[in-house]
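Hey, can you work out the whole structure from these sequences and the hints?
Number of protein chains: 2
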Amino acid sequence: MHSFENTIQKLRSEGFKLTPQRLAVIKYMIGNKSHPSALAIHKELKRRYPTLSFSTVYNTLNMLQKIDEIRSIHVFDDHLNYDPNTEPHIHFLCSKCDMVHDIFLEQAEGIQVYAGEIDGHLVDSYELFFKGTCKDCR
Amino acid sequence: MHSFENTIQKLRSEGFKLTPQRLAVIKYMIGNKSHPSALAIHKELKRRYPTLSFSTVYNTLNMLQKIDEIRSIHVFDDHLNYDPNTEPHIHFLCSKCDMVHDIFLEQAEGIQVYAGEIDGHLVDSYELFFKGTCKDCR
DNA sequence: GAGTTATTAATAATAATTATTGACTTATAA
DNA sequence: TTATAAGTCAATAATTATTATTAATAACTC
Ligand SMILES: [Mn+2]
Ligand SMILES: [Mn+2]
Ligand SMILES: [Zn+2]
Ligand SMILES: [Zn+2]
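For the record, the sequence lines run as chains F and C.
Under the numbering used here, the first residue of the first sequence carries the number 20, and numbering increases by one thereafter.
Under the numbering used here, the first residue of the second sequence carries the number 20, and numbering increases by one thereafter.
Worth flagging that the hints you see were computed from the coordinates, not collected in a lab.
Certain hints may be false.
Claimed, not checked - With a straight-line Cα cutoff of 27 Å, these simulated BS3-like cross-link-like pairs (lysine-lysine) come out:
#, chain 1, residue 1, chain 2, residue 2
1, C, LYS52, F, LYS150
2, C, LYS150, F, LYS52
3, F, LYS85, C, LYS115
4, C, LYS154, C, LYS115
5, C, LYS52, F, LYS115
6, C, LYS85, C, LYS65
7, C, LYS150, F, LYS150
8, C, LYS85, F, LYS150
9, F, LYS115, F, LYS52
10, C, LYS52, C, LYS85
11, F, LYS85, C, LYS150
12, C, LYS65, C, LYS29
Only a predicted model underlies this, so the values are computations on that prediction, with no experimental measurement involved.
Here you go:
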């Protein structure tokens, strides 16, 4: 998710209507580093849009995923979380505070993920996450 | 999951009873490289134990996870899969055939996962998986 | 501004997993 | 071996995240 104008332009060019609900989700997600769940997004946006339904949140998130403006991550067993940063990066889940921290490859001393071909398999993408105790909780 | 005798011994020492249903799940899982879902396990074992319930499969899998004889993996969106290999290794999910292949670190040229401390966070474990087209499907 | 059509919100459906319960088994010790 | 307590089974119901359906509504085009 690049910038608000950029994203709006993308929706327009793909033929999606710009509804207040969608704009709200987009504004909420842009630059958001908290990796929120659908529940968290809905909870927050319901304050401004009291009739906003869960379906709309899911529909919008799925749509944004399809046009590659956000991605979902699998760090918890029972639900997905959403991330506006679609560049390859790593996640760290803290078992103490349940926060998901970003780790970028340049900060990741000792980590190297070559994603071309592995053991004869052709790689399209990868997902790497760590679990442990985060910086703030140690 | 080391060996049948070893696992049986572990159940005994932890105070678990050795029921035919548990033994069936254990036998099915030991050395199984297919990363089956709870559904697949139930489907297969129901042939020999027609009254075997889903709850028992889940209970047994959760119990085996607690005593660290198997682990669950998150490569699909809507369900978990189970793996008797609890040693750190990598998974490759093929988008064509939906098979999950194992990749061990020694085969993984270009992959390095240092799991001690990253960006100030203390690492307990990691999960790495790739998506793409597998060896057999290329 | 009116017509067309995608989108919304409410509701119901789906599906994986977990909880409950009462009958039944097993391990152990008398 | 038998009694007993602890643990387990399977059936059923409950929970929860997500998706499908649908009639009413609101964006966009002209
Ligand atoms: Mn992230
Ligand atoms: Mn494996
Ligand atoms: Zn923390
Ligand atoms: Zn394949």
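27 Å limit on alpha-carbon distance, applied to hinted pair C/LYS52 and F/LYS150: Status holds; Cα separation ~24 Å.
Given pair status - F/LYS52, F/LYS115, alpha carbons within 27 Å: Distance of about 18 Å is within 27 Å: holds.
F/LYS85 paired with C/LYS115 [C-alpha distance capped at 27 Å]: Measuring from Cα to Cα gives roughly 19 Å; hence the hint holds.
Proposed proximity, C/LYS150 with F/LYS85 (alpha carbon, max 27 Å): With Cα atoms ~17 Å apart, F/LYS85 and C/LYS150 stay inside 27 Å; holds.
Straight-line alpha-carbon gap C/LYS85 to F/LYS150, limit 27 Å: holds (17 Å)
Proposed proximity, F/LYS115 with C/LYS52 (alpha carbon, max 27 Å): violated (33 Å)
Pair hint C/LYS65 and C/LYS29, alpha-carbon separation not exceeding 27 Å: holds (25 Å)
27 Å Cα cutoff - pair C/LYS52, C/LYS85: Given pair C/LYS52, C/LYS85 holds - Cα atoms ~20 Å apart, limit 27 Å.
Agreement of C/LYS154 and C/LYS115 with the hint, judged by alpha carbon distance not exceeding 27 Å: Judged against 27 Å, a Cα distance of about 11 Å means the pair holds.
Agreement of C/LYS85 and C/LYS65 with the hint, judged by alpha carbon distance not exceeding 27 Å: Holds - the C-alpha atoms of C/LYS65 and C/LYS85 are around 24 Å apart, at most 27 Å.
Given hint F/LYS150 paired with C/LYS150 - CA-CA distance at most 27 Å: holds (21 Å)
Pairwise hint evaluation, F/LYS52 against C/LYS150, where the allowed Cα distance is 27 Å at most: holds (25 Å)
In summary, the one numbered hint that this structure violates is 5.
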